[in-house]
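K.L.:
Chains as they are written, first to last, in full-length UniProt numbering: chain Z, 1 to 514; chain R, 1 to 170; chain U, 1 to 321.
Where hints are given, some of them may not hold.
To be verified - Distance condition first, Cα-Cα at most 30 Å in a straight line; then the derived BS3-like pairs of lysine-lysine:
{"id": "1", "chain 1": "Z", "residue 1": "Lys349", "chain 2": "U", "residue 2": "Lys286"}
{"id": "2", "chain 1": "Z", "residue 1": "Lys221", "chain 2": "Z", "residue 2": "Lys103"}
{"id": "3", "chain 1": "U", "residue 1": "Lys137", "chain 2": "Z", "residue 2": "Lys349"}
{"id": "4", "chain 1": "U", "residue 1": "Lys32", "chain 2": "U", "residue 2": "Lys272"}
{"id": "5", "chain 1": "U", "residue 1": "Lys230", "chain 2": "Z", "residue 2": "Lys349"}
As the list claims (entries may be wrong) - From the derived model, a few chain R residues whose C-beta atoms are all more than 10 Å from chain U:
{"id": "6", "residue": "Ala30"}
{"id": "7", "residue": "Val72"}
{"id": "8", "residue": "Ala111"}
{"id": "9", "residue": "Ile123"}
If you are wondering where the hints come from, they were derived from the structure by calculation, not from laboratory data.
All of these numbers come straight from a predicted model, not from anything done at the bench.
Just so you know, even glycine gets a beta-carbon here, dropped at the ideal spot from N, CA and C.
The chain contents come next:
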Amino acid sequence: MYELDMLLHGAQALFNQPMALLLALFGVTLGIIIGALPGLTATMGVAILLPFTFGMDPLSGLLMISGVFFGGIYGGSVTAILLKIPGTPAAAATAIDGFELTKKGQAGIALGTATFSSFLGGTASVFVLIFLAPVLARFALEFSASESFALAVFGLSIIASISGVSVIKGLISGFLGLLLATVGLDPMGGFPRYTGGYTELFNVPFIPVMIGLFAAAEAFKSLEDPQVRAGMAAALDRIIPPWHMFRRQIGNIARSSGLGIIIGMIPGAGADIAAFVAYNEAKRFSKTPENYGKGELGAVAACESGANGCTGGALLTMLTLGIPGDAVTAVMLGALTLQGLQPGPLLFKDHADLVFTLFAGMLVCYVMMLVVGLGSLRFMGRILQMPKSVLTPCILALCIVGTYAINNSLFDIWIMLAAGVVGYFMQKWDFPASPVVLALIMGPMAEANFRRALSLSGGSYDFLYTRPITAVLLTIAILTLMLPLLRRLWAQRSSGGPTTINPAAGSSRMGTPE
Amino acid sequence: MSNAPAPGGKVGLRPQDRLATLVIAVLVMAVAVAAIIVAGDFPPTMLETDVGPARFPIIFAVALLVLCAILVFNTLRAPAAPPDDPAQAEPKASYGTVAIGIVATAACLYAMEFVGYAIATPIYLFGLMWLMGRRNVIANAAIAAVLTALIYAAFAVALSVPLPVGSLFE
Amino acid sequence: MKGYRFVTGAVVGALTSATMMVAVQAAEYPTKAIELIVPYAAGGGTDLVARAYADAVNRHLPQSVGVVNKTGGGGAVGLSEIMAARPDGYRIGMGTVEITTLPNLGVARFTADDFTPIARLNAEPSAITVNANAPWKTIEEFLAYAKENPGKVRIGNSGTGAIWHLAAEALATKSGLKFSHIPYDGANPAVTALLGNHIEAVSVSPAEVSSHIAAGTLRILAVMDDQRSKAFPDAPTLKEKGIDVTVATWRGIVVPKKTPANVVETLRAASKKAVEEQGFRDQLAKMNLSYAYLDGPEYKVAMEKDAEMFKVLMKQIGLAK
Chain Z
1 MYELDMLLHG
11 AQALFNQPMA
21 LLLALFGVTL
31 GIIIGALPGL
41 TATMGVAILL
51 PFTFGMDPLS
61 GLLMISGVFF
71 GGIYGGSVTA
81 ILLKIPGTPA
91 AAATAIDGFE
101 LTKKGQAGIA
111 LGTATFSSFL
121 GGTASVFVLI
131 FLAPVLARFA
141 LEFSASESFA
151 LAVFGLSIIA
161 SISGVSVIKG
171 LISGFLGLLL
181 ATVGLDPMGG
191 FPRYTGGYTE
201 LFNVPFIPVM
211 IGLFAAAEAF
221 KSLEDPQVRA
231 GMAAALDRII
241 PPWHMFRRQI
251 GNIARSSGLG
261 IIIGMIPGAG
271 ADIAAFVAYN
281 EAKRFSKTPE
291 NYGKGELGAV
301 AACESGANGC
311 TGGALLTMLT
321 LGIPGDAVTA
331 VMLGALTLQG
341 LQPGPLLFKD
351 HADLVFTLFA
361 GMLVCYVMML
371 VVGLGSLRFM
381 GRILQMPKSV
391 LTPCILALCI
401 VGTYAINNSL
411 FDIWIMLAAG
421 VVGYFMQKWD
431 FPASPVVLAL
441 IMGPMAEANF
451 RRALSLSGGS
461 YDFLYTRPIT
471 AVLLTIAILT
481 LMLPLLRRLW
491 AQRSSGGPTT
501 INPAAGSSRM
511 GTPE
Chain R
1 MSNAPAPGGK
11 VGLRPQDRLA
21 TLVIAVLVMA
31 VAVAAIIVAG
41 DFPPTMLETD
51 VGPARFPIIF
61 AVALLVLCAI
71 LVFNTLRAPA
81 APPDDPAQAE
91 PKASYGTVAI
101 GIVATAACLY
111 AMEFVGYAIA
121 TPIYLFGLMW
131 LMGRRNVIAN
141 AAIAAVLTAL
151 IYAAFAVALS
161 VPLPVGSLFE
Chain U
1 MKGYRFVTGA
11 VVGALTSATM
21 MVAVQAAEYP
31 TKAIELIVPY
41 AAGGGTDLVA
51 RAYADAVNRH
61 LPQSVGVVNK
71 TGGGGAVGLS
81 EIMAARPDGY
91 RIGMGTVEIT
101 TLPNLGVARF
111 TADDFTPIAR
121 LNAEPSAITV
131 NANAPWKTIE
141 EFLAYAKENP
151 GKVRIGNSGT
161 GAIWHLAAEA
171 LATKSGLKFS
181 HIPYDGANPA
191 VTALLGNHIE
201 AVSVSPAEVS
211 SHIAAGTLRI
221 LAVMDDQRSK
231 AFPDAPTLKE
241 KGIDVTVATW
251 RGIVVPKKTP
261 ANVVETLRAA
271 SKKAVEEQGF
281 RDQLAKMNLS
291 YAYLDGPEYK
301 VAMEKDAEMF
311 KVLMKQIGLA
321 K
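Just need the whole structure built from these sequences, with the hints factored in.
P.N.:
Below, the structure is given as structure tokens:
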């Protein structure tokens with residue numbers, strides 16, 4: 001087999017270059033730190049390192065950047081689970097159940113599962129990249145505006161499954177997020193909407209809102225209880241999940257990784273979408289969907305394997321077609337061109353040796369991520385042994401600094417604070433925050449692509465049902481959204497009175513197609 | 001969670017939760033109406049086949065109005081909770097502390113514009129620790145200084161992400 | 001102010017090493033690190049030019065130049081910030097063609113007159129590129145098809161009002177054609193759509209499609225430049241074909257208008273030395289970016305010419321507010 005042969009050659013070449021391996025290790029470690037810090041994303045980490053790669057040989061530079069990419073996607077989970085600070089947008093999905101597990105005293109197992117799932121999802125995606133790249137390459141090109149619109153609608157339908165206590169409240173949060181997502185320059189005409197004249201609002205300040213809603217709101221909440229204030233946060237407990245627990249997640253991880261790889265290949269869709277979609281499907285297939293949102297290990301496994309599954313998928317389209325699937329790979333595309341390498345079909349022909357050495361290096365990067373991740377968890381877990389009265393101020397200071405770091409803008413911090421206050425009240429009355437974040441990710445994608453698709457079709461709405469991928473995705477979206485609602489309605493009617501909507505009644509597992 | 005449902009059972013609403021939910025619903029409806037009014041002034045784009053910048057915000061806002069109406073309806077119809085259900089009793093939360101914490105954060109941001117990160121942050125950290133019941137002044141000062149330095153080291157030195165210097169020092 | 005500066009120096013001590021402090025006292029400007037504001041995201045074309053420049057100019061200034069990305073509003077946020085910066089030369093910026101287009105859109109607080117140009121570093125023309133499977137082998141065939149099918153030819157651009165949209169509009173007005181302009185979220189997604197045959201053409205720069213040209217999946221029909229591109233000598237210019245349209249994006253160093261003359265001179269001299277370095281030119285070439293140095297005064301002339309052209313064009317097509 002050609003690929004296997006080349007990969008072994010690549011591995012050999014790789015181990016003759018200890019410097020490249022060392023830089024990869026540096027990249028992975030830095031990536032984890034960057035991912036864990038709020039406001040600093042994998043994109044920014046890759047951009048920060050880019051100038052340092054100017055003087056390096058292509059392999060070292062690219063491996064270091066891949067390391068930051070992989071580590072950055074994973075690192076977000078650490079603070080999401082421990083502190084409910086999603087270091088990256090993808091980790092917002094992890095935070096939903098991860099932080100609940102921490103509150104239950106199972107932070108260690110949540111972190112361990114997240115690490116293993118990230119490793120497995122990422123490794124699987126790199127293998128797909130190595131062996132199936134030429135077969136899958138054309139897939140990304142099938143995605144036009146109408147398909148992207150349908151994917152976004154499917155993503156939005158997930159609101160129903162992350163709503164928590166009340167679907168109505170979840171939907172209100174979601175639509176509020178969608179409305180918020182329309183702030184800024186209109187994607188087709190460039191008209192500034194709801195900006196009040198502030199140029200800072202021309203793009204929706206997505207990450208400040210996310211940090212505010214999750215982390216700052218949680219920190220404000222911990223100010224309110226005088227007893228908790230003095231106490232310790234929570235125990236870490238064991239890190240490596242016991243085999244009987246982990247075994248149950250294998251199917252879940254395989255499915256989530258697959259979803260992540262596919263979503264990673266789609267241009268304009270990245271780890272954040274993959275994490276939410278993986279969450280939704282894990283819940284759909286779970287035997288205990290009612291536990292989702294209350295601290296379910298499967299949710300953490302799904303989000304993390306989905307998010308890291310994206311890495312290989314995004315690299316696949318970038319390397320084979322020269323199309324960056326998301327912001328990180330866009331920067332990596334720059335890094336490749338800087339090294340005089342032109343991504344695209346010719347890359348595999350002209351630089352096969354380098355490409356396969358790079359692939360071998362990426363696999364090594366994931367192993368490094370597993371080792372560094374597991375090794376640092378005990379240390380990271382110490383955070384929980386800090387008294388809350390030190391931890392909470394520290395979290396708030398991190399929120400402020402992290403938000404500032406995104407755009408070097410004080411304006412963004414005010415947005416973060418406002419989101420934090422709103423988030424505090426939302427939490428108080430059971431309006432979930434994650435639908436807002438999901439809507440902020442998917443809303444602009446849905447609107448821009450719907451209007452673009454309309455322009456592409458010359459004003460005809462045919463694209464909604466004549467294009468197979470679009471039609472299938474839209475159907476799944478409608479079913480995902482409607483089935484739990486119908487079921488609930490039915491349950492209400494049969495029980496003969498209004499009940500406060502109960503997640504246990506809304507198991508969306510049975511009867512949903514797939 | 002103020003009205004977490006007992007497994008499988010119906011749950012009543014305490015009067016203050018009912019009121020709060022109604023207030024929130026009305027606020028959200030006000031936002032939605034405002035959004036629709038403002039969207040009315042959005043000019044059409046020059047692309048012939050485009051639906052224009054106002055279409056989507058209006059759809060979202062109308063959906064919000066409908067959802068809020070349902071929420072109001074459900075809330076009004078929900079049965080009242082028994083007045084002194086011991087299961088519903090929560091430990092008394094001190095909202096004053098939360099309010100002070102939020103105001104302190106705002107003050108810190110305001111100060112940061114002028115005096116920068118290096119001065120605003122340690123004072124803010126110190127204040128919050130005091131607020132959360134740590135009364136050891138010297139230890140708090142030390143912790144505040146160390147945390148400020150650690151964050152500075154991580155962001156500004158290691159990752160070369162600049163932190164606010166403050167307009168007084170520029 | 002000296003005292004304050006000293007305090008800052010102590011606070012930001014990590015940035016200034018002791019050896020540099022000695023050098024600082026000799027020259028009046030610069031005495032501390034210079035911020036180079038890039039109005040676009042890290043890793044994009046403008047950012048790459050900025051980082052290559054910062055790398056080169058650092059060898060010709062006693063203080064370091066650090067890149068800071070201030071994104072948002074299609075460049076409006078960062079450019080506004082450059083305009084509003086204290087005119088002391090410690091906050092300089094990457095001025096891009098958007099300096100001349102954004103004021104017309106009514107979304108910016110600045111005009112081209114609010115900046116003093118220091119040096120133009122790079123310029124990229126627009127090009128009409130189609131899929132290699134497309135029936136049109138030459139620009140004439142393409143334009144003839146567009147004439148027969150008004151509104152049927154979909155040209156992808158990097159956003160409404162962005163430079164590549166204006167380029168396609170300029171071609172349309174000059175040749176009396178009607179295209180369907182499809183805005184994308186940047187040049188890359190537009191190229192992706194072209195690869196997938198979802199649109200007929202794109203108007204982005206040759207650099208942005210070069211890897212696909214090399215792979216034989218896309219074809220450049222014409223460039224909107226005065227001369228043919230060195231990298232793609234086979235693609236004719238529109239001028240050769242009798243259509244007088246030249247539209248290009250450019251990137252260079254600018255400072256706020258009120259910056260004192262000695263600061264401007266220092267920066268101009270350092271920039272000149274930086275761009276003359278072979279390393280800088282090689283760096284640009286590696287990234288498929290064309291070297292297009294113009295000194296301050298000439299840069300100013302080029303900027304004013306574009307400002308006038310876009311003002312007329314954008315009014316004509318109904319974009320100007």
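K.L.:
Just pull the numbers of the violated hints for me, sorted ascending.
P.N.:
Every hint satisfied by this model.
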